[in-house]
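Trainee: Based on the hints, put chains L, D, P and V in the right spot on chain E.
Chains as they are written, first to last, in the numbering used here: chain E, 56 to 159; chain L, 56 to 159; chain D, 56 to 159; chain P, 56 to 159; chain V, 56 to 159.
If you are wondering where the hints come from, they were derived from the structure by calculation, not from laboratory data. Worth double-checking, as some hints may not be accurate.
Note that identical chains are pooled: a pair holds if it fits in a single copy or bridges any two copies.
[Said to hold, decoys possible] Only pairs whose alpha carbons sit at most 35 Å apart, straight line, appear in this in silico DSBU-like list of lysine-lysine:
id	residue 1	residue 2
1	K69	K145
2	K145	K93
3	K78	K150
4	K145	K78
5	K90	K150
6	K90	K78
7	K93	K69
8	K150	K93
9	K145	K90
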Amino acid sequence: MLLGQVVGTVVSTKKTESLIGLKLLLVQNLDITGKLAKGYHVAADSVQAGLGDVVIYSTGSAARQTDITTERPVDAVVMGIVDTWDVNGKTAFNKSEPLEVADV
Amino acid sequence: MLLGQVVGTVVSTKKTESLIGLKLLLVQNLDITGKLAKGYHVAADSVQAGLGDVVIYSTGSAARQTDITTERPVDAVVMGIVDTWDVNGKTAFNKSEPLEVADV
Amino acid sequence: MLLGQVVGTVVSTKKTESLIGLKLLLVQNLDITGKLAKGYHVAADSVQAGLGDVVIYSTGSAARQTDITTERPVDAVVMGIVDTWDVNGKTAFNKSEPLEVADV
Amino acid sequence: MLLGQVVGTVVSTKKTESLIGLKLLLVQNLDITGKLAKGYHVAADSVQAGLGDVVIYSTGSAARQTDITTERPVDAVVMGIVDTWDVNGKTAFNKSEPLEVADV
Amino acid sequence: MLLGQVVGTVVSTKKTESLIGLKLLLVQNLDITGKLAKGYHVAADSVQAGLGDVVIYSTGSAARQTDITTERPVDAVVMGIVDTWDVNGKTAFNKSEPLEVADV
Numbered sequence: 056m057l058l059g060q061v062v063g064t065v066v067s068t069k070k071t072e073s074l075i076g077l078k079l080l081l082v083q084n085l086d087i088t089g090k091l092a093k094g095y096h097v098a099a100d101s102v103q104a105g106l107g108d109v110v111i112y113s114t115g116s117a118a119r120q121t122d123i124t125t126e127r128p129v130d131a132v133v134m135g136i137v138d139t140w141d142v143n144g145k146t147a148f149n150k151s152e153p154l155e156v157a158d159v
Numbered sequence: 056m057l058l059g060q061v062v063g064t065v066v067s068t069k070k071t072e073s074l075i076g077l078k079l080l081l082v083q084n085l086d087i088t089g090k091l092a093k094g095y096h097v098a099a100d101s102v103q104a105g106l107g108d109v110v111i112y113s114t115g116s117a118a119r120q121t122d123i124t125t126e127r128p129v130d131a132v133v134m135g136i137v138d139t140w141d142v143n144g145k146t147a148f149n150k151s152e153p154l155e156v157a158d159v
Numbered sequence: 056m057l058l059g060q061v062v063g064t065v066v067s068t069k070k071t072e073s074l075i076g077l078k079l080l081l082v083q084n085l086d087i088t089g090k091l092a093k094g095y096h097v098a099a100d101s102v103q104a105g106l107g108d109v110v111i112y113s114t115g116s117a118a119r120q121t122d123i124t125t126e127r128p129v130d131a132v133v134m135g136i137v138d139t140w141d142v143n144g145k146t147a148f149n150k151s152e153p154l155e156v157a158d159v
Numbered sequence: 056m057l058l059g060q061v062v063g064t065v066v067s068t069k070k071t072e073s074l075i076g077l078k079l080l081l082v083q084n085l086d087i088t089g090k091l092a093k094g095y096h097v098a099a100d101s102v103q104a105g106l107g108d109v110v111i112y113s114t115g116s117a118a119r120q121t122d123i124t125t126e127r128p129v130d131a132v133v134m135g136i137v138d139t140w141d142v143n144g145k146t147a148f149n150k151s152e153p154l155e156v157a158d159v
Numbered sequence: 056m057l058l059g060q061v062v063g064t065v066v067s068t069k070k071t072e073s074l075i076g077l078k079l080l081l082v083q084n085l086d087i088t089g090k091l092a093k094g095y096h097v098a099a100d101s102v103q104a105g106l107g108d109v110v111i112y113s114t115g116s117a118a119r120q121t122d123i124t125t126e127r128p129v130d131a132v133v134m135g136i137v138d139t140w141d142v143n144g145k146t147a148f149n150k151s152e153p154l155e156v157a158d159v
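Chain E with its partners taken away, still in its complex shape:
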């Protein structure tokens, strides 16, 4: 899994049937210090994450292992909203001090 921040949503009306009903989040990667990193995924949302939330997401076939993504053609899913993580015993991110969403 990787750490990312929800920075937006993607809307598609003309799509393959099996995608209908999924919310598609735009997730920008974070490095382990909590800074924005290269790369993003459009990920299905399984936890009602919102703009700015720091999340963990899975890619590949793992992304089909949630109730809402089974047998759907998704290769990325947001699976959890992160409360905290630490690096070497020090807090690297705490939800009580949310990350701002960078303009791009």
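Mentor: Quick look at chains L, D, P and V alone, frame taken from chain E:
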């Protein structure tokens, strides 16, 4: 899933049987601001996307989870034509202002 | 799928049983303009591709979805010989003007 | 598999049901000389690894092939704590001389 | 599949049960000219490869398609010892002139 733009099509007549009947799109990656990014995929088309369309596509085993790609040897599928996406609440792409297709 | 050029073959006599009988092609990546790009794969051949042929190939579990690769430990397969592809309506590659094989 | 060092843990209370009960480790990649390398994964823990441990971990569908990760949406799992590895017959890492955890 | 050289072995005694009995090789990537390239994998050994051997290996779910790796949490397997490969009709590697193992 990733965001991309359909920039062309690939024609192959001598191919493995299970590929017959699939339209193969050349999809150039986009970054989250809607600019062309490194990397491309040749992806099966499940939504009748056309030249210049901005799309979402899946890679890996997820690409076999549409009606037209089941049990076929494809590792990428275009699953939706994107209407809009936003970053930090601002529209980053809107289909009403299509991206030009860059010459290469 | 990616575009590549067959630049050679790999011979292995001491190998896992399930590989026996597969031809292993050395496939160099191409970018969408038809130039050699970074990266290569050793791919099983499902279409009798030859030296210099421009091909499409799949990676990952998709590579096991051809008749000759089912249940084999291959993560890449050449699935088609490319006739042409176009970018923005202009021909980027045409088999009638083959790419030379670069020396390395 | 890759070599990595456990540098922290990730806590998520609002998560997809199938993640409940898994410990999520923050694993920083190591190169073959034992130096920190680019890239990290949040990986499920199947061996009760602790802070600073040097580990091997798998990614992709392989990550669901342990008792604790079956049918869970995880794409990375720590599978072993490394005792030693050697490169060209010389010890490159020995658990008896643990790596410090770098601050970030 | 990729080409690599066996440069060492990894020893782990505290590991997930399904890994027991597998030999774990440290495989450094090679480019198509036979030079050491970036990247490595810890791969299960299915062909009794030894130090210095040039090998082909598979990653991802393909790595579970050998007798010794079925249903094990491995994402890389060495499947063959390479005798030769050629590029543009010229021998790029021949086992009769083995590659030295670089110190690191």
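Trainee: The structure should be examined with respect to each hint, and the outcome stated for every one.
Mentor: How the hints compare with the structure:
1. K69 <-> K145: Between copies only: 22 Å across, 46 Å inside.
2. K145 <-> K93: both (24 Å within a copy, 20 Å between copies)
3. K78 <-> K150: both (23 Å within a copy, 19 Å between copies)
4. K145 <-> K78: Both. Shortest intra-copy (34 Å) and inter-copy (18 Å) distances satisfy the 35 Å Cα cut-off.
5. K90 <-> K150: both (14 Å within a copy, 31 Å between copies)
6. K90 <-> K78: both (25 Å within a copy, 23 Å between copies)
7. K93 <-> K69: both (29 Å within a copy, 26 Å between copies)
8. K150 <-> K93: both (22 Å within a copy, 25 Å between copies)
9. K145 <-> K90: both (16 Å within a copy, 21 Å between copies)
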